[in-house]
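Asker: Mind assembling these two chains? They're in different frames, but the hints should get you there.
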Amino acid sequence: MALRVSIVGASGYVGGELLRLLLSHPEVEIAQVTSGRNAGKYIHSVHPNLRSGAGGRAPIQFVHPDKLEACDLLFLALPHGEAAKNIEKYAQLAPRIIDCSADFRLKDPDLYRRWYGEEHPNPAWLERFVYGLPEVTREQLRGANYASGVGCNATATNLALLPLVKAGLVDTSRPIVVEVKVGSSEGGAGASESSHHPERSGAVRSFAPVGHRHTAEVQQITQLENVHLSITSVELVRGALATAHVFANRPISEKDLWAAYRPFAKEQPFVRIVKERTGIYRFPEPKILAGSNYADIGFALDEASGRIVSICAIDNLMKGAAGSAVQCLNLMCGFEERTALEFTGLHPI
Amino acid sequence: MNVTCPECSAEFDIPADTMTGEIVSCPECGAELEVVDLDPPTLALAPEVEEDWGE
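Protein sequences, first through last, are from chains A and B.
Going from the first sequence to my numbering is simple: count from 1 and add 676.
Going from the second sequence to my numbering is simple: count from 1 and add 2.
Simulated from the structure, these hints should not be mistaken for laboratory data.
Being a predicted model, the structure only gives us computed values, none of them experimental.
Check before you lean on any hint, since a few could be wrong.
What the hints assert, rightly or not - Computed from the model, here is a short list of chain A residues facing chain B with C-beta under 8 Å:
#1 Lys765
#2 Ile928
#3 Trp934
#4 Ala935
#5 Arg948
#6 Glu952
#7 Thr954
As the list claims (entries may be wrong) - Facing chain B, according to a computed beta carbon distance under 7 Å, are these residues of chain A, among others:
#8 Arg881
#9 Lys931
#10 Arg983
A virtual CB, placed ideally from N, CA and C, is assigned to each residue, including glycine.
Extracted from the complex, chain B is given alone in its bound form (with noise of 0.2 Å):
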């Protein structure tokens, strides 16, 4: 299944077994992705642990 990054616009494919709420990365911006919905297939941004970068 053809995807679109919403980070970044990358389109790329995911495994057509992939199931709704599956974390996905963006093979471009490393955008980690919840698979929101099949369809059509939907990516949201996945909530991420804050690091210490820094701050």
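Chain A on its own, in the form it takes in the complex (with noise of 0.2 Å):
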């Protein structure tokens, strides 16, 4: 019997992209999709890509939220705060839960706290939720009842850090620096006038060169203190790509670098090296990503210096939020892990 799915909150970028993937899901069926705004119109008034065709699907209608019923699995992708202050609410609902907020992704209320400016809604429940990167929290994601969403430029920031770090490579005593650049759909699907189209094409912005609160989550996964975000928003709709400047502990060569990177990506399966001697794409590139669960990971060394550099390309709508929340899916009820996330993206686009 398929799994019955609702999604609270479906008329965003992310709700949208849920919905793209769970509909190809063979293990899923979607229940209800909810959204206040739009509850009556069909999704492919919001998410244009999602119109059913002739023999297909029937077309899906959103409901509003206070018509939510009791299924199998609640998606939740609602903005800041409110999945936290009506988890009871969802949980008498469905007994899975997956959040694809930030509202549960830090375990310590007090590191809560200091990046979001506000005391935690309900601490009794950051305990009971996963981190939902598979790339880390796998065995514990198996058969939970609540898994977290990510952030995105966490994921892309913690899955170039993370060989670094299990490798026991980082020099600690020294800051980290990850400069991560970001598309505009990280905004989410409301406008303002910094995205109004003159102020925003071609525009490559600073927007957050210190202080992202995705820093507590790289702190929380990598346990690296002295690590540094800048977030810089640059011409794409999708994709995210971090670049972490790291000091290596001692002497190391570029094998060094392949021997901690290439077990890490072989335990992983949307986890892939990228770096070529030649071509066009040597290192990550998240324009090749875009619709695609995968993270490629690069890097390069300054032997003279000691410093490495470790590139990681996402889409962040998908292995930044909706993708890594589907691969929780299948970990959590028992699928295989790729169901529904095999795409590799589209080259050219």
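Answerer: Structural data, given as structure tokens:
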């Protein structure tokens, strides 16, 4: 029997990506998709790529959140803070929940207060959620009932840093600085003056040179304290590219880095090493990952200084949000981890 | 024949009838490699034509 899944807040970009993935998931049946603003409308009025064709599935309509019914698994794709305020209500409707917001990502309420500037509205629930990055918490996710989403910038950064952390190559006495270049879809489906086309088009905008909240997730996952993120929005719709500058704690060669990255990637169905000597795409490139759940990682070494440049490219809406969330669903429900996620992206695009 | 990439240390197989001087590609790092010996099978980085890569 198919798993009956509902999506709360399905009119946003993450909700749309969840729908796209789940509509082709062989083990899943979409029960309800909610949107307060779009109740009664067909999903293709908001997500035009999801229009059904002749002989295909019946068109799906948004329902009002007040009409949400019990199901097997709930995805929450709500604005910041909404999931935490109403988690008891949602837990009564479904035995399994995957929350795509930042509400349950951090384990430490003090860390939440420091980075989000307020008390967590429901700290007792923080421990019940498994951080939803299968590359780190795969075994905890198997059979879990509650998983958090992941921050897109945090995910690109974590996957750039983790091979070095696991191999014990990081000089933790020196700052680790990560520049993340991101696409406009990170800003969500809502418009603002700053996203107005004449203002946004062609801009290379430093929108969080310091103080980005995803730093907390990076510290939590890598256990690195001295890590600093700068986020720059660039001329992309989808995509995030993290470039991490790390100093090695001992003299190393590029072969040592291959020995660090290779075992990490070999354990991960959606992590690939991209480091080529020739060709156009010598290092990870987010453009060719649009729509894909893959994270491409690569590296370069300046042997003279010991500076390692570790690079990770993802689609922020996929590996950085909906793709990882569906990967969590697969693990939580005992499905093959790759199910509905093997799209490789497009080239050329 | 099992060989080791001199660039990234990846191990991979090349056909048994490979001859000295043939060029093979490493499946992991993409390096172009010349078979410089068969006993034992040994690879070396092949000379490359430099590309204009933003220099």
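Asker: Does each hint fit the structure? Answer for all of them.
Answerer: Consistency of the hints with the structure:
1. Lys765: Hint violated; Lys765/A Cβ to chain B Cβ min 50 Å, cut 8 Å.
2. Ile928: violated (13 Å)
3. Trp934: holds (4 Å)
4. Ala935: Constraint on Ala935/A satisfied, holds at 7 Å.
5. Arg948: Violated, because the Cβ-Cβ distance from Arg948/A to chain B comes to roughly 10 Å (cut-off 8 Å).
6. Glu952: holds (4 Å)
7. Thr954: holds (6 Å)
8. Arg881: violated (23 Å)
9. Lys931: holds (5 Å)
10. Arg983: Interface hint status for Arg983/A: violated (19 Å vs cutoff 7 Å).
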